[in-house]
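Chemist: What follows is the residue order along each chain.
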Amino acid sequence: MATTKIPSSMDPLLDAAADAAPAGMETVMMPVGVPGYTLRQEPRTVPTTEPPVLPINADLNFIGKSPERWDGHAKVSGQARYTADIQLPGMLYAKFVDANVPHARVVSVDTSAAEKVPGVKGVFVIQNLQGSAKLLNPSLDASKYPIVRYAGQPIAAVAATNPQIAEDAAKLVKIQYEAMPFVVEMEQARQASAPMVFPGPANQGGTAGGGGGAADVPQTGNIHGPSMHTRGDVEQGFKDADVVVESHYTTQVQVHNALESHGVVADWKPDLLTVWASTQGTASVREGLAGFFNLPKSQVRVITEFMGGGFGAKFGPGNPGVVAAALSKQTGAPVRLMLDRKEEQLSVGNRPSSDQTLRIGAKKDGTLTAIHLVSYGTAGCGTGAGCAGPATNMYEYAALRTEENDVFTNAGPGTAFRAPGHPQGAFALEQTIDELAEKLNMDPLDLRDKIDRNSARRVERQVIRESAIWKSRNATPNADRGHIKRGVGVAQGVWYRNISMDSAAEVRVHQDGSVEVLSAVQDIGSGIKTVMAQIVSEQFGMPPQQVSVKIGDTNYPVGPNSGGSVTTASLTPAVRDAAWQAAQKFLASAATALGTTADDLVLSKGEVSSKSGKFQPVSFRRAAAKMNTGEVSAQARRIPDYAKSKYETYGGVDVAEIEVDMEIGLIRVKRILAAHDCGRPMNPTQTISQINGGVIQGLSYALYENRLLDPNYGLMVNPNLDRYQIAGSREVPQIDVQLIQSYIGQSSTDASGIGEPGGIIATPAAIGNAFYNATGIRIRSLPMTPALVLTALGNTQQTKETA
Amino acid sequence: MNQFVLVDCTTVDGALSQLNDGSVVKAAGVDLLDRMKNGTTTPSRLVNIRNISALRGIHPSPQGVTIGALTTLAEISEHPLLTSQYTILSDACGSAATPHIRNMATLGGNLLQQLQCWYFRSEEYQCLRKGKDLCFAFAGLNQYHAIMDYGTCPSVAPSSSAVALLGLNASVELTSAKRGKRTVAIKDLYVHPDANPTKFNVLEPDELLTAVTIPRPAAGTRSAYQKYGEKQSNDWAIADAGVVLEMDGNVCRKAAIVMGAASPVVRHSPEAEAVLAGKPITEETARAAGKAAMQGGPLQTAMQGAQPLSMNAYKVQLFPVAIYRTILLAAGQMGRDPSAAG
Chain A
29 MATTKIPSSM DPLLDAAADA APAGMETVMM PVGVPGYTLR QEPRTVPTTE PPVLPINADL
89 NFIGKSPERW DGHAKVSGQA RYTADIQLPG MLYAKFVDAN VPHARVVSVD TSAAEKVPGV
149 KGVFVIQNLQ GSAKLLNPSL DASKYPIVRY AGQPIAAVAA TNPQIAEDAA KLVKIQYEAM
209 PFVVEMEQAR QASAPMVFPG PANQGGTAGG GGGAADVPQT GNIHGPSMHT RGDVEQGFKD
269 ADVVVESHYT TQVQVHNALE SHGVVADWKP DLLTVWASTQ GTASVREGLA GFFNLPKSQV
329 RVITEFMGGG FGAKFGPGNP GVVAAALSKQ TGAPVRLMLD RKEEQLSVGN RPSSDQTLRI
389 GAKKDGTLTA IHLVSYGTAG CGTGAGCAGP ATNMYEYAAL RTEENDVFTN AGPGTAFRAP
449 GHPQGAFALE QTIDELAEKL NMDPLDLRDK IDRNSARRVE RQVIRESAIW KSRNATPNAD
509 RGHIKRGVGV AQGVWYRNIS MDSAAEVRVH QDGSVEVLSA VQDIGSGIKT VMAQIVSEQF
569 GMPPQQVSVK IGDTNYPVGP NSGGSVTTAS LTPAVRDAAW QAAQKFLASA ATALGTTADD
629 LVLSKGEVSS KSGKFQPVSF RRAAAKMNTG EVSAQARRIP DYAKSKYETY GGVDVAEIEV
689 DMEIGLIRVK RILAAHDCGR PMNPTQTISQ INGGVIQGLS YALYENRLLD PNYGLMVNPN
749 LDRYQIAGSR EVPQIDVQLI QSYIGQSSTD ASGIGEPGGI IATPAAIGNA FYNATGIRIR
809 SLPMTPALVL TALGNTQQTK ETA
Chain B
98 MNQFVLVDCT TVDGALSQLN DGSVVKAAGV DLLDRMKNGT TTPSRLVNIR NISALRGIHP
158 SPQGVTIGAL TTLAEISEHP LLTSQYTILS DACGSAATPH IRNMATLGGN LLQQLQCWYF
218 RSEEYQCLRK GKDLCFAFAG LNQYHAIMDY GTCPSVAPSS SAVALLGLNA SVELTSAKRG
278 KRTVAIKDLY VHPDANPTKF NVLEPDELLT AVTIPRPAAG TRSAYQKYGE KQSNDWAIAD
338 AGVVLEMDGN VCRKAAIVMG AASPVVRHSP EAEAVLAGKP ITEETARAAG KAAMQGGPLQ
398 TAMQGAQPLS MNAYKVQLFP VAIYRTILLA AGQMGRDPSA AG
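Protein chains in written order, with the numbering used here: chain A, 29 to 831; chain B, 98 to 439.
If you're looking for bench data, these hints aren't it; they were derived computationally from the structure. A hint or two may mislead.
What the hints assert, rightly or not - Calculated lysine-lysine pairs in the DSBU-like style (CA-CA distance at most 30 Å, straight line): (1) K229(B) x K370(A); (2) K351(B) x K199(A); (3) K328(B) x K278(B); (4) K376(B) x K370(A); (5) K103(A) x K134(B); (6) K328(B) x K513(A); (7) K202(A) x K357(A); (8) K275(B) x K144(A); (9) K388(B) x K202(A); (10) K328(B) x K202(A); (11) K134(B) x K199(A); (12) K229(B) x K296(B).
Unchecked claim - From the derived model, a few chain B residues whose C-beta atoms are all more than 10 Å from chain A: (13) G237; (14) I335; (15) E343; (16) A389.
Please read these numbers as outputs of a predicted model, since none were measured by experiment. Here a beta-carbon is modelled for each residue, glycine too, at the ideal position from N, C-alpha and C.
Chain A extracted, bound-state conformation (with noise of 0.2 Å):
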């Protein structure tokens, strides 16, 4: 890291005396800032029963440092159990039935033949549809089955002793359709004449990961909005202004694809709904299914030891989850129901397209005066396309009016994908930003200083503005000859601090000197496990291997959804508030044998000494042979956070180097050095394996991923991983992350999350950007293929554009 310093506001309480704290609580120093640049120390009121202020990274054994993946040997080596790897005794394997027609009404659904295929068990039509908005007068549809309103909506399911058997039966289902006019194009959809998508007002509101669209909102023809947001008079910041830059900017949708497609186990019992689940939430699996079968949760009990991957679609049961559990009821036997590729594309979410007509004003010095955002996107039959999170809270400014817009089409729901509408909005208004600073005659950086006051984001742009890749740019755009023009370009992103009250874990303490630790949250393969297990090791002095972890599973503590960026910023400090309370236990639990009083004992580095030095120091094993009891555990909750006032943004600042071959129309990305801050990184590894984890499917969306339906027939006519294009190796640029260590002093760990703010957000506008600085040119749409890159060259006219 750099090392100039900036100047930090010295907070005036930092020697204020703690006399006025309320009773069971007392006021403690805490470090706050970014060592090297601002880190000072501020006082927090906080319960009398936290742990110790744990000091900054640099002063710690387990926190802070990368540990190997608790779970990477079974990871690699196979061992460890996803989702299609249970096998139960007479597991069936069930098969969706899936509309091939984007809009109909169902007829019929005739089962009879497939039910007679030898090795059928079942075969159950869905009449409750999961994930697509809801129409708020249900009769307007007067319909047995749900209305078909994208290609690929599941209609029935068929449940058989092995897969193959299910595959062919499920061809077998005929369902008679009475076809309707249908829509897939945003811009056609749009359009008074086109056909409804729903016949009157439909909501459709967020799962455990965000996403969903506003519900009090007006609904003309197939728009849902506007949602209208407004601060200060906006009129009057633009008379103001002494510079309006006004831009149009659209953006595709995309598919999560994670590697491990939506799937279940189900196993209906008479007293107990048991369910292996590729989810993001344990506890919204069974939320879900205790509602939808009206069971009381103590009777349902979700799964997932290991998963592949979620980006925000695998929230609740879904479609999978229900119908495997109805399956399962109907027939008696445990069902396995997974979705293939093509049905991953097609029924389980996607990130909403964007239409953004964005217009900034500014004063001279860079101020700004206003901005105003009309946005239009499209979640397909779902709501949740709003994108004006970034115009709203990245930079300061003296009005604001967003109108955020959903447009229905006969494709496929939205759900909440990493950072819901962040990429979209902070591609126009990253764009927009430097556009303005061209215009004001300032760096892009400079004008971010000025209009950006967050003290992390402050830093970040100082690394960056010393890093060579920065130093390297040439401010005049198009500046390079020949057929290769180099850019650099930079964008921040902006995301919230989320916290799932509904995190607990438990700490037990064996008399073999065996600690384990348990909660229901799940590992999306961010590395809780590893983060849990160092937790323990700070205060036990063992090593996070030996730490025996336990998630994954709701007959432990419940754990937070993992969405929003809230696991490891929610479930730490209850890791540590029971391991510390389980370590208070333990003394006294052994203090007697050890003959002496729990008062009299320090539990540190792995040894157990007497303050008075009534013995040698021994070690914690000897230690807890010593207890009077065989096991000593503790439970502990989530608490508030300790200053909520003093909430700042996460984010980042990410700059790209790019190269143009001006005759291709390829776009290469040479380097990304992503500076982001997530408060305490807890495992620094883990934290830029996951921000490199989003600059790639940043710029996998900048540059690659498109869904494509045929305009004429609604079908998507790639829904595999051949033809929906994702960042492969030699698309993966050379990424430095510059982790920036931003203590808030709100919590016992005082960690973070990393999940949504790191990469998606900043990285395709920073391409853009290093495009306009390669080319002088402003490319204003996603993706950025040859075709469109071509396009926007004015090399190439295509009749249509694409898609």
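Position chain B against the provided structure of chain A, taking the given hints into account.
Modeler: Same frame as chain A, now just chain B:
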């Protein structure tokens, strides 16, 4: 995927005796298994020829080289004789798909893979090439489709090795149990959709493609192949070029310029070849050849020159670039293009 009978063969004769009605030959299965999974091919019997060791190997002779049909793309891309004297072929095989797939995929399978048109590869679309009336690409999404000589079906030739082998004047050996062996030039291997929309090549149902024979290149021959995609790893060509130059010093005696992703069947560009014949290779002549390729006269249809569809005009710009850069690469005047895929 449908249920099928798998017949595993270890000799050519054994495999030929198994080619009954409804049988489909499986080599590596790279293309076939994709089609079986997406439901567009539903064979009742698979005749697995993968384990016929006699069909694997690279055999140089004074007349040229013969390559067994089951030789993998990886083996071809790394073979010293091929990389030095048949560079266009090692380039083409080395830039297909991914390293993993190239370790599995065979030359015969690459030549005989079916169309990559996404309408053709969807079981929901019953198109011209499946014996129905309609092509969905003209009015649909056609950014990856043909710009030349397409007539009724604008799918593009998917095989990169076919581009190389056409440039090298190669031929294939087809073997049947009843009629023995016959030799078919690569230029005659493929059937244009206007001639017969449901017959993709001249193989009869009882025939196996057993070998590829390439004549020895004339003295002074230099060659190269490059393909371009939206991505550089694991993508299909949006433009590609195979170039074979017979050189006298810096003067080109004779050139072969071949394109794959421009039209339904791999094609020479006589116009581009004419530009180079008898001239020194320079950036200027190379660019002129690339430009001429887009003016190309009809080979299979009545279509004159490039006639892009609604979404693929960009390909008319890409091909001349692919061609000029590959000419310069073949001539040793330019390095391998860092923008090329593979």
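Chemist: None of the hints should be skipped; say for each whether it holds.
Modeler: Do the hints match the structure? See the list:
Proximity of K229(B) to K370(A) is assessed by CA-CA distance (about 25 Å); at most 30 Å being required, the pair is judged to hold. With a CA separation close to 56 Å, the supplied pair K351(B) and K199(A) exceeds the 30 Å bound. Annotation: proposed proximity of K328(B) to K278(B) is violated, straight-line Cα distance about 40 Å (limit 30 Å). Proximity of K376(B) to K370(A) is assessed by CA-CA distance (about 52 Å); at most 30 Å being required, the pair is judged violated.
Distance restraint check for K103(A) and K134(B): the Cα-Cα separation of roughly 27 Å lies within the 30 Å cut-off, and the hinted pair is therefore satisfied. Distance restraint check for K328(B) and K513(A): the Cα-Cα separation of roughly 18 Å lies within the 30 Å cut-off, and the hinted pair is therefore satisfied. Restraint check for K202(A) and K357(A): the C-alpha separation of about 24 Å stays at or below 30 Å, so the hint holds. Taking the CA atoms of K275(B) and K144(A), the gap is about 43 Å. The hint is violated against a cut of 30 Å.
Distance restraint check for K388(B) and K202(A): the Cα-Cα separation of roughly 54 Å exceeds the 30 Å cut-off, and the hinted pair is therefore not satisfied. For the hint linking K328(B) to K202(A), the alpha-carbon distance of about 40 Å lies beyond 30 Å, and the restraint is violated. For the proposed pair K134(B) and K199(A), the alpha carbon gap of about 14 Å is at most 30 Å, so the pair holds. Between K229(B) and K296(B), the direct Cα distance comes to roughly 13 Å. Compliance with the 30 Å bound is thereby established for this hinted pair.
The claim that G237(B) is not at the interface with chain A is violated, since a C-beta of that chain comes within 10 Å of its own (minimum 5 Å). Not every CB of chain A lies more than 10 Å from the CB of I335(B), the least distance being 7 Å, so the non-interface label is violated. Chain A leaves E343(B) outside its interface by the beta-carbon criterion, the shortest separation being 27 Å against a cut-off of 10 Å. With a closest Cβ-Cβ approach of about 17 Å to chain A, A389(B) is found to remain outside the 10 Å limit, as its non-interface label requires.
Figure legend: structure checked against the earlier numbered hints; hints not met, in rising order: 2, 3, 4, 8, 9, 10, 13 and 14.
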